[in-house]
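Asks: Using the sequences plus the hints, can you model the full thing?
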Amino acid sequence: MDVKARAVIRPSSSDLWFLSYLPLAVSDGIATPLVPLLALARFSATPFVVVVIIAASSLSQVPFTILWGNLSDRIAHRKYFLVGSFGASGACIVAMAFATNLGSYFWLNVLEGLASAASAPIGTMLLLETRQKRWWPTDMGLFGFISGIGTTAGLGLGFLWLFVFGLSWPVVQVMTGLLVLSGVLALLGALLAWGWIEEPGRQYDRRSLADLVNGNRGLLERMRHVRTWVLNIVELTRSRAEPLPARELLFLVALGVMSVGFFLFYGPFPVFLIQRAGLSNAAVFVAYLGSSAASTALFYHSGKAVEVHSPKYIFLESLGGRVVLMLLFVPGPLFLAFGLGSVGLLGYLTLLNTLLGVTWAFISTASTLFLVRLVGRSGRGRALGLYNAVSGAGALAGTVLGGLLYVSWGVHTEFLVAAIVVTAGAALLLPIPYHVFSLGRPVAHLHPRLQRSVRASSAPPRLASEQDGAAPGR
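Start counting at 1 in the sequence shown, then tack on 621, and there's your number in this note's numbering.
Just so you know, these hints were derived from the structure itself, not from any lab. All residues carry an ideal CB built from backbone N, CA and C; glycine is no exception. Treat the hints with care, since some could be wrong.
Unchecked claim - Computed Cβ-Cβ distance ranges for the label pairs, DEER-style:
{"id": "1", "residue 1": "V929", "residue 2": "T1034", "range": "37 to 43 Å"}
{"id": "2", "residue 1": "V964", "residue 2": "L1051", "range": "40 to 46 Å"}
{"id": "3", "residue 1": "P952", "residue 2": "Q753", "range": "53 to 59 Å"}
{"id": "4", "residue 1": "P1054", "residue 2": "H1033", "range": "45 to 51 Å"}
{"id": "5", "residue 1": "I1041", "residue 2": "L957", "range": "21 to 27 Å"}
{"id": "6", "residue 1": "V1028", "residue 2": "L955", "range": "22 to 28 Å"}
Replies: Written out as structure tokens, the structure reads:
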């Protein structure tokens, strides 16, 4: 008898609590594009103000992500933190739907970010503490897959809602109802979490699980989840400073430059779709849906490809494809040929964004494996923490700079600068060797399973090794 085989048992409440993240993921899929769109439609916000609304929520979550995680370690009741996070997040979203001015809308969005900050660290630890260690890889993959499906379903639901009801009702009223639905779904997640989550019988010290907590690179490119990257900036300042090897330092510099370039492009993206492409609100959801579906479907297959081929070359080839796609978004003759706001232009932009989602699946996978091979097992947790911190800092900087460029110089300059910055980051990778350390068999074996993790805010990290120890917490 295989003692490691997982027995087939009737699902318990500790299994079912995974599904409490499904309505939360659907809610997030709705709210991600809807929050900036509603700011444009109801309050006539400027493009830069919209970008600030997006970025401020993520930045404000950084200290609270750390605070909620530390408090849950001390109080030892992770269930109540998670239920409270879901419930408060849903209440803030509903309140945003009825905000009467841009100031209250902005601050309610910030409060929603503070409330939802608990879902990332506490959800991760709750999974590890309620599942046996040998099941972690499979459970993490399932957890992330549920989140990815929920996000994609939320985008699809948003499109149907706006397309069906938007034909006969005022657009602001329809969008308000959709945001209320998003908040109600988050509240439903809180009810399911209350009924299904069981308090863990043991606790782990999060510092002993650095590879798991920091290894999440299956991230969709949305500013609402930058908190799971940037929190590492604060956490890493607590540890003793050590000089970084030249190869790792160069990799992190390249990563920071590329992250700025990515979000120079994606920061004002919803504003570009509305103001320059002339798309409807429902059409914006379709454009987002293509990228989300492609990333969700291809993370597993990208892991297989990276294992067979060189992570460095796949990384560089994907970056090259992304630069070309960015330039194709620049308004030109095709925009005039299709016609602004036309079905043809929507299909063209959705195709391009879908291909960007494909490149992101391979970039996130190859970059993680590239870094792991550079540093080896002993420095993996610290390296992944730095990876996430640099990515988040670059994303926040790129988002704000993208808004400034969009307002000051226009979308042509902004997209061109974004492509140049990404190219510069890719050029910095060229002198870095990748066959420095071999990837350990446990990591190589587990990596494909964990590529299904596509939500940073709710999904635990993907890279993990069953040999990594876990010390009991307090």
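Asks: Is the distance from the Cβ of P1054 to the Cβ of H1033 consistent with 45 to 51 Å?
Replies: At 38 Å between Cβs, range violated.
Asks: Taking the Cβ atom of V929 and the Cβ atom of T1034, is their distance within the range 37 to 43 Å?
Replies: holds, 40 Å
Asks: Between the beta carbons of I1041 and L957, is the distance compatible with 21 to 27 Å?
Replies: Holds, since I1041 and L957 (Cβ atoms, about 25 Å apart) stay within the stated range.
Asks: Using the C-beta atoms of V1028 and L955, is the stated range 22 to 28 Å upheld?
Replies: For L955 against V1028, whose Cβ atoms are near 25 Å apart, the range 22 to 28 Å holds.
Asks: Check the following: the C-beta atoms of P952 and Q753 are separated by a distance inside 53 to 59 Å.
Replies: holds, 54 Å
Asks: Would you say the C-beta atoms of V964 and L1051 sit inside 40 to 46 Å of each other?
Replies: For V964 and L1051 the Cβ distance comes to about 41 Å; the hint holds.
Consistency note: the structure conflicts with earlier hint 4 alone.
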